[in-house]
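Peer 1: Protein chains in written order, with numbering that gives the first Met the number 0: chain B, 0 to 270; chain D, 0 to 282.
Part of the chain B face toward chain D, derived, beta carbon under 8 Å:
{"#": "1", "residue": "Ile-2"}
{"#": "2", "residue": "Arg-6"}
{"#": "3", "residue": "Met-14"}
{"#": "4", "residue": "His-16"}
{"#": "5", "residue": "Leu-18"}
{"#": "6", "residue": "Gly-21"}
{"#": "7", "residue": "Cys-22"}
{"#": "8", "residue": "His-24"}
{"#": "9", "residue": "Arg-29"}
{"#": "10", "residue": "Pro-177"}
{"#": "11", "residue": "Phe-178"}
{"#": "12", "residue": "Pro-216"}
{"#": "13", "residue": "Leu-219"}
Keep in mind that the hints were calculated from the coordinates and are not lab data. Glycine included, every Cβ here is placed at the ideal spot set by N, Cα and C.
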Amino acid sequence: MTIVDIRPHLREWAMPHVLCAGCAHGIVGRAFLVATDRAGIDPDRMVVVAGIGCSSRLVGYLDFCTLHATHGRAPAFATGVKLARPELTVAVFSGDGDGLAIGGNHLIHAARRNIDLTVVLFNNEIYGMTGGQVAPTTQRGAIASTTPRGNTEPAFDSVALMIGAGASFVARASASEPFTLERIFTEALTHRGFAFVEVLSDCPTYFGRYNRLGDGPEMLAWLTRQDSRVAEPLAAKRVVDHLPIPEAPPGLDLGVLHREERPVFTGRRSG
Amino acid sequence: MSARGVVLAGVGGQGVVLASAVLAEAALQSGFEVKQSEVHGMAQRGGAVVSHIRYGDTVASPIVPLATADVLAGFEWAEALRWLPYLAPGGALVVDARRIVPPGACRDHRRWGVPYPPLDPTSIAGRTGAVVLIDATGIAGTLGNVKAANSVVMGAVSRFLDLSDAAWEKAIARFVPPRTVDLNIEAFHAGQQAETLDPADIPELGLDPLPERHYHIDVNEAWCKDCGICPSICPEFCLALDDAHRLVVVDEEACTGCRLCEVLCPDFAIRIVTPVGAQGGAR
Ligand SMILES: Cc1ncc(C[n+]2csc(CCOP(=O)(O)OP(=O)(O)O)c2C)c(N)n1
Ligand code: SF4
Ligand code: SF4
Ligand code: SF4
Ligand SMILES: [Mg+2]
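Chain B extracted, bound-state conformation (with noise of 0.2 Å):
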């Protein structure tokens, strides 16, 4: 496979960008440039629309089309987007918060349509942009700084709902398996109909630094222990003892975990 220089594809004038030291939300960005490459698509087709946070701030270092949409907007904007230049190809970058919590609304009904759109979720199991808010993500008894004792609610499988709600082909992957990222975007880019990945990522600032996992290095470690094919069950690493947790988590399904053929929406009657 041929090695793909990424740095063409960047916005070399806005760097460095401004995300934290460690922060794997680039190591995803970059995964994905390699993708676009892979795919074959033209630069000036590629449109990526992103909402807000840390991870939907990275399309501003992209040189793509970029749209910088409001807060969890990024698939309704998209849909507009493709449905008046059907010919481009278009993904959404959108974080646990922003996909998830305010956009979960946009997000089901983008899959529910099955427009040929690839979103991007960045799961860091919280809100890293606005200072280490619980996230619809956040695990059992993780803390956040809205949650200092502790989490005390479940947390959303974002690959259960977008499979429920519609989406044709779902997969999770992990910022800590770059090459594998490469591979799920690539088939995500060029699958027809709705593609959403949700990406294991982290934020060593807040979410490793409340839970005491470390900095970048470490967390990319930890990222690994969360799938389930690696025998170390997530509640085994959390610091928080005083939370009962009903049941160590089963560690998280990877891979592409759901693909089907089904009309994809154009806003035509036919086609």
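We have chain B already, so just place chain D with the ligands on it with the hints.
Peer 2: Coordinates of chain D with the ligands only, in the frame set by chain B:
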């Protein structure tokens, strides 16, 4: 009778553990007390597997002490050499001429690339008694299944042990898969008769020399945030954080071009420049 000691060594997948079960059973069948102990080292990756068997009227420990084995059976040349210190002075070395090169010996590791040892019994002259160098894998292949190479080796081992053919055959029938019993017994007898190879007849391994490639680790210092990810994952320790917690390239010569640093840097700050003519081309 004082206890006899046999060490069997090979790599994962060669049937070393099964062969040691057969030997232990043959000794039990012959009325001896038997103790056996085995180590499987990274068998999935073809790593070392070694088994100790001791039998006699009474046996206290299952471990063959250094320099006391009556027979050392190597299912692979380099593994045989590795366990040579266990062989008693004058003990017999039985070895399959098969060579399985471990990843560390042939990969493009600059710092600790170790060459595979030459298959030359004269290189160990004086450190063994009889040396039986056989083409066990080849013989098993002729009989129909290379997997029976372990039985060929055990046939050759049996020449140095006081166990009856009947005991061996019973033990083989008990442990190998039912449909391969005849084949394995045949392989065992072939091993008893196998001729010692002339090392001159053994072809060269033909390993490529370590490729002469030099990678350039191109760090964009203006973008690097010294996060420590690349030093933590570089398998060759090319990168480090200095006392001021700044990223430094400490050993570019050792870089193998694996690009882990490049793909795991969250800041697009590192890129490996591949030498001209190498896979992927220069950039
Ligand atoms: C309408 C609106 N409400 C709230 C905010 C504040 N806000 C900015 S980013 C963010 C959460 C981002 O979290 P996430 O999507 O998980 O991204 P991360 O920073 O973790 O990558 C919030 C609540 C906003 N910008 N706009
Ligand atoms: S606050 Fe968290 S998510 Fe945001 S850039 Fe920093 S580490 Fe990444
Ligand atoms: S490519 Fe990077 S990670 Fe791999 S050996 Fe070279 S410096 Fe280390
Ligand atoms: S991973 Fe990137 S940002 Fe982090 S220390 Fe290495 S080069 Fe610098
Ligand atoms: Mg988040």
